[in-house]
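Participant: Produce the entire structure from the sequences given, and follow the hints as far as they go.
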Amino acid sequence: MELENLSTATTELLVPTGETQAVSLEFEQIIGDSSGPGKLILPQGIDVQEGTGNIYVSDSQNDRVAAFNQEGNFLFDFGQDQIDESANLEFNNITGQIFVGDVKGNEIDVFEPDGTYVRSFGEFTVGTDRPFEGPAGVAFSPNFEKFYVANYAGDDIYVFDSITGERIDVIGESGNGPGQLSGPAALAISETTGNLYVSEQLNSRVQVLTPSGESLATFGEPRPRAVDPSIPVPDDLQPGQLSGPVDLTLDEFDNVYVSDTLNNRIQVFDSKGDFLTLVDEFPAEPSTYFWSIGAHYEDGKLYTSDFFNNRVVAFDVNQQANTSISEPSLELGMC
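Numbering-wise (our numbering), the sequence shown opens with residue 6 and increments by one.
To be clear, the hints were calculated from the coordinates, so they are not data collected in a lab.
By construction, the Cβ of each residue, glycine as well, lies at the ideal position given by its N, Cα and C atoms.
Hints should not be assumed to be uniformly reliable.
Computed spacing ranges between beta-carbons, pair by pair [as the list claims (entries may be wrong)]:
1. Ser29 - Phe126: 32 to 42 angstroms
2. Asn148 - Glu219: 41 to 51 angstroms
3. Pro183 - Thr57: 17 to 27 angstroms
4. Asn181 - Asp86: 16 to 26 angstroms
5. Ser235 - Ile168: 26 to 36 angstroms
6. Ser179 - Glu128: 13 to 23 angstroms
Cross-link-like lysine-lysine pairs, in silico, DSS-like; alpha carbons within 30 angstroms at most [as the list claims (entries may be wrong)]:
7. Lys44 - Lys109
8. Lys151 - Lys306
9. Lys306 - Lys44
Facilitator: Structure representation (structure tokens):
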């Protein structure tokens with residue numbers, strides 16, 4: 006894929022070239038049973054196993070990972086003896102192993118895809134008064150040699166050797182300026198550029214960083230408010246505004262799908278940070294999110310976790326080339 010240079014005087018931002026993609030989301034299915042072993046309680050991260058298409062969900066209050074097939078049928082679960090509270094998770098497509106952020110256990114737990122426990126590593130910031138602590142978002146570099154972890158309570162990102170588990174770098178510091186983070190909750194890494202996309206829950210924005218941590222861009226209009234499910238969504242909420250985003254994911258065009266958590270919706274931005282579309286209602290019961298938490302794109306499908314409704318909501322993603330290419334967003338490269 007060719008890249009376009011959207012450099013400013015101080016930063017360099019590479020994005021995929023070609024026609025701008027118009028994106029629409031069509032409801033497909035609900036995953037998670039109303040009772041029995043397939044019942045989810047406060048699901049968070051989601052990933053899809055390469056080859057099988059099986060869907061793995063971090064079932065946080067059951068202290069486990071639950072696996073479902075493509076039709077949404079429960080297969081098996083694992084991790085109850087190791088995980089204190091699972092947040093996000095990610096497959097290493099080289100080894101096939103799955104890495105799970107254990108926010109209460111303050112570590113990364115590694116399992117074989119059948120659930121066999123392999124090892125744990127890492128220590129993360131805990132003991133704060135924030136709503137979450139420890140390792141939240143997780144992501145591999147495109148070559149799977151490095152493993153990035155959003156250290157939520159520490160306002161930084163830890164970089165590990167994915168084979169040894171040795172920490173080799175720390176990115177970011179606390180704040181709301183360029184390169185600074187507040188409540189980094191999730192990571193997504195572009196396979197074309199290697200850049201990191203970070204959802205900052207407490208800054209209510211998405212920030213784009215180079216693999217070494219240089220700030221390239223921010224997008225999403227912050228509309229922060231308390232992390233409290235009793236606070237209703239504002240009546241005057243606008244597209245592009247973000248409130249406490251927890252997760253995000255990229256498609257093959259580097260379109261960014263953001264869990265706009267406190268606003269109970271999923272928003273989609275293009276690779277330059279321009280708003281494309283959103284979904285906040287779908288033909289299911291209930292028909293709306295109650296905190297959209299997890300987001301994972303895989304092969305034309307978007308999987309999202311509906312936190313307090315205890316389910317995963319899946320969509321077909323339709324992408325159509327737009328005849329006009331939008332100008333670069335003024336919000337990008339201004340960090």
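Participant: Now tell me, hint by hint, if it's right for this structure.
Facilitator: Status of each hint after checking the structure:
1. Ser29 - Phe126: 32 to 42 angstroms: Taking Cβ atoms as reference, Ser29 and Phe126 lie about 41 angstroms apart, which means the hint holds.
2. Asn148 - Glu219: 41 to 51 angstroms: Between Asn148 and Glu219, where Cβ atoms are some 20 angstroms apart, the hint is violated.
3. Pro183 - Thr57: 17 to 27 angstroms: Between Pro183 and Thr57, where Cβ atoms are some 41 angstroms apart, the hint is violated.
4. Asn181 - Asp86: 16 to 26 angstroms: 40 angstroms, violated
5. Ser235 - Ile168: 26 to 36 angstroms: With Cβ atoms ~45 angstroms apart, the hint is violated.
6. Ser179 - Glu128: 13 to 23 angstroms: Between Ser179 and Glu128, where Cβ atoms are some 18 angstroms apart, the hint holds.
7. Lys44 - Lys109: 21 angstroms, holds
8. Lys151 - Lys306: 26 angstroms, holds
9. Lys306 - Lys44: 22 angstroms, holds
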